[in-house]
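Build the full structure now, drawing on both the sequences and the hints.
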Amino acid sequence: MNKVLISVLGNDQPGILATVATVINQRQGNIENLSQTLLHTVFGALLLVDIPEQETPESLQQALQEASASMGLNITVHPWHEQIADWHQNKPEIQPYIISAIGPDRQGLVAEVASQLFKHGVNISNLQAIFKGGKNPMENVMVFEIDVPRATNMDELREALAEIANRLDLEISVQHRKIFESVSTILT
Amino acid sequence: MLNVKDIISTLQMVREENLDLRTVTVGINLTDCVSDDINTFKRKIYDKITRTAGQLVATCNRIERRYGIEVANKRISVSPIGVVAAPFNTEQMVEIALTLDKAANELGIDFIGGFSALVEKGMSSGDRALIDAIPQALTESRRVCSSVNVASTRAGLNMDAIIRMGQVIKEAADLTADADGLAAAKLVVFANIPQDVPFMAGAYLGIGEADAVVSVGVSGPGVVKAALERAIAEEEHMDLSRAADVIKQTAARLTRAGELVGREVANILQLPFGIVDLSLAPTPNRNDSVGEIFEAIGLQAIGSPGSTAFLAMLNDAVKKGGAFASSHVGGLSGAFIPVCEDLTIAESAANGTLSLEKLEAMTAVCSVGLDMVALPGDTSAEMLSAIIADEMAIGVINKKTTAARLIPAPGKKAGDHVVFGGLLGEGPVMAVNMGNQENRFVRLGGRIPAPIQSLVN
Chain A
52 MNKVLISVLG
62 NDQPGILATV
72 ATVINQRQGN
82 IENLSQTLLH
92 TVFGALLLVD
102 IPEQETPESL
112 QQALQEASAS
122 MGLNITVHPW
132 HEQIADWHQN
142 KPEIQPYIIS
152 AIGPDRQGLV
162 AEVASQLFKH
172 GVNISNLQAI
182 FKGGKNPMEN
192 VMVFEIDVPR
202 ATNMDELREA
212 LAEIANRLDL
222 EISVQHRKIF
232 ESVSTILT
Chain B
144 MLNVKDIIST
154 LQMVREENLD
164 LRTVTVGINL
174 TDCVSDDINT
184 FKRKIYDKIT
194 RTAGQLVATC
204 NRIERRYGIE
214 VANKRISVSP
224 IGVVAAPFNT
234 EQMVEIALTL
244 DKAANELGID
254 FIGGFSALVE
264 KGMSSGDRAL
274 IDAIPQALTE
284 SRRVCSSVNV
294 ASTRAGLNMD
304 AIIRMGQVIK
314 EAADLTADAD
324 GLAAAKLVVF
334 ANIPQDVPFM
344 AGAYLGIGEA
354 DAVVSVGVSG
364 PGVVKAALER
374 AIAEEEHMDL
384 SRAADVIKQT
394 AARLTRAGEL
404 VGREVANILQ
414 LPFGIVDLSL
424 APTPNRNDSV
434 GEIFEAIGLQ
444 AIGSPGSTAF
454 LAMLNDAVKK
464 GGAFASSHVG
474 GLSGAFIPVC
484 EDLTIAESAA
494 NGTLSLEKLE
504 AMTAVCSVGL
514 DMVALPGDTS
524 AEMLSAIIAD
534 EMAIGVINKK
544 TTAARLIPAP
554 GKKAGDHVVF
564 GGLLGEGPVM
574 AVNMGNQENR
584 FVRLGGRIPA
594 PIQSLVN
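If you read the protein sequences in the order shown, they are chains A and B.
Per the numbering used here, the first sequence starts with residue 52, numbered consecutively.
Per the numbering used here, the second sequence starts with residue 144, numbered consecutively.
Derived from the structure by calculation, the hints contain no laboratory data.
Careful: at least some of the hints might be erroneous.
Unchecked claim - With a cut-off of at most 30 Å between alpha-carbon atoms, the simulated DSSO-like pairs for lysine-lysine come out as follows:
hint	chain 1	residue 1	chain 2	residue 2
1	A	186	B	148
2	A	170	B	148
3	B	391	B	501
4	B	391	B	462
5	B	148	A	183
6	A	229	A	142
7	A	229	B	462
8	B	148	B	462
9	B	501	B	556
10	B	148	B	391
11	A	229	B	187
12	B	462	B	542
13	A	183	A	142
14	A	170	A	229
15	A	229	B	391
16	B	187	B	245
17	A	229	B	245
Predicted model only: the values in this text are computed from it and were never measured.
Given below as structure tokens:
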């Protein structure tokens with residue numbers, strides 16, 4: 052068995068997963084894991100698939116593209132060797148924090164915050180944004196879920212983020228994830 | 144992955160609705176400091192307090208930054224001084240109060256409570272010396288708070304103590320006449336005082352408590368108000384059962400935030416965690432007022448008809464939410480209705496919507512009592528005692544805590560404005576029916592027997 056990583060992008064509509072999964076099944080492949088997401092009306096999915104020896108990524112990709120031709124999807128099949136990135140393999144002891152940037156979208160916001168996080172050895176585990184426009188600042192929020200290694204100096208990180216907030220006229224706060232979990236999750 | 148809506152709603156609570164931890168209070172047991180030598184005793188209590196809570200402020204600041212939630216006040220409560228300093232006389236009691244004040248100053252905390260006596264059934268010599276020392280102690284110290292328990296469901300009302308407390312309040316207010324009677328604002332008279340209140344001025348550490356313990360007082364009237372307003376605006380079938388649900392859920396969320404921070408502070412200080420006191424405790428600021436919740440639910444103002452019914456529901460829903468979220472909810476846990484500390488309640492009292500009599504009725508269903516009530520300076524000590532007796536009777540019969548923090552503002556008449564400053568706020572002087580007259584009922588003294596409710600064994 053070989054492994055491939057399949058990415059599926061396109062406008063959300065009924066039948067995307069049915070089409071993709073049926074082709075994989077017909078060609079004796081097995082979906083090992085998958086994650087899908089919706090960005091407004093845009094569909095995106097990543098599938099980790101075991102394929103039989105005689106299958107190649109190229110022919111599987113062609114079969115998937117043909118089957119979904121009418122749906123306007125962008126499907127790519129990558130060969131995949133299970134190599135785990137150093138970060139995940141030798142993951143340092145981390146503390147989970149949430150960074151929230153409140154205020155209107157600014158060009159460069161993600162780049163600047165992400166670069167500072169990178170510089171301080173921090174990994175972003177998830178990034179979500181709500182930009183509804185309008186004057187209510189709480190309707191224009193970007194949320195970074197981050198893993199902060201013990202070695203990171205939180206004071207320096209906070210200072211660097213405060214500088215960005217100041218320059219881009221935003222409110223940026225850095226709070227330990229536990230506060231959100233305890234306040235939001237009453238039943239655990 | 145967290146739900147972004149949950150994150151935003153938590154951010155909103157902190158940013159716009161004044162969610163903060165009103166207080167992290169370290170209770171410190173002073174029973175091992177006892178001595179019959181005043182200097183030894185003073186040295187021992189100073190050392191124990193500053194040693195046990197030396198890192199309190201720094202730790203709270205650290206946790207504050209970690210979670211992005213303000214810890215508004217850091218406080219200490221100690222064993223009742225009337226008990227642990229029993230051998231000393233009134234003058235020495237004042238010295239002890241000043242020692243507590245010095246320790247509080249050294250630690251950088253805002254209040255230290257426990258200059259207290261428990262006299263619901265009778266007064267020992269230590270209690271008497273302490274009570275006699277209260278006016279001077281609260282005048283000369285800045286951060287010391289005092290409480291005296293004069294009644295309980297088990298013991299009834301100690302009317303002799305209540306008579307004495309009317310005089311003590313009067314003396315304390317008169318000694319601080321230049322500050323509208325500020326000393327009286329740091330003194331509370333209780334029925335059924337809880338052993339573990341973290342809130343001032345009633346905080347003390349009960350005799351049944353550990354060597355040291357960390358408790359937290361959560362607040363958040365602004366959060367409850369905002370949640371109710373949102374539900375009323377957005378939900379189609381809003382009724383009072385649903386409103387009670389909204390309050391309950393909000394209270395549960397507040398409690399969780401409080402417990403998280405409290406446990407973390409306790410952990411760092413290597414002290415046991417005590418309780419979360421989930422009380423809607425206002426500050427004299429917009430969006431942080433219990434009175435505003437009354438307006439959000441549709442009452443014209445706090446004090447208008449319907450206020451007692453809503454307060455009963457609010458107090459109960461807060462308790463239910465808190466009890467569900469934490470196994471160690473204690474202290475007063477409910478809704479406070481302090482007049483001068485709450486902007487909207489002060490307004491209602493100033494424009495006459497809220498009278499002293501209506502306020503008293505409401506205290507039957509709130510979690511404390513007549514709190515931060517400024518009264519005319521010519522209110523007689525006997526009438527103060529009579530007001531206290533009425534308030535204590537409500538607590539004794541209903542098996543709940545009630546308290547009276549009354550400030551007869553020297554030289555002020557009903558309708559005048561008084562200012563205590565800071566968290567103690569400001570507000571109107573409320574009229575007392577026949578306040579400057581004598582009261583022969585109170586003067587009879589003795590004890591009002593414990594009610595039949597006390598015979599539960």
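Hints violated by the structure (listed by number, smallest first): Structure breaks hints 11, 13 and 17.
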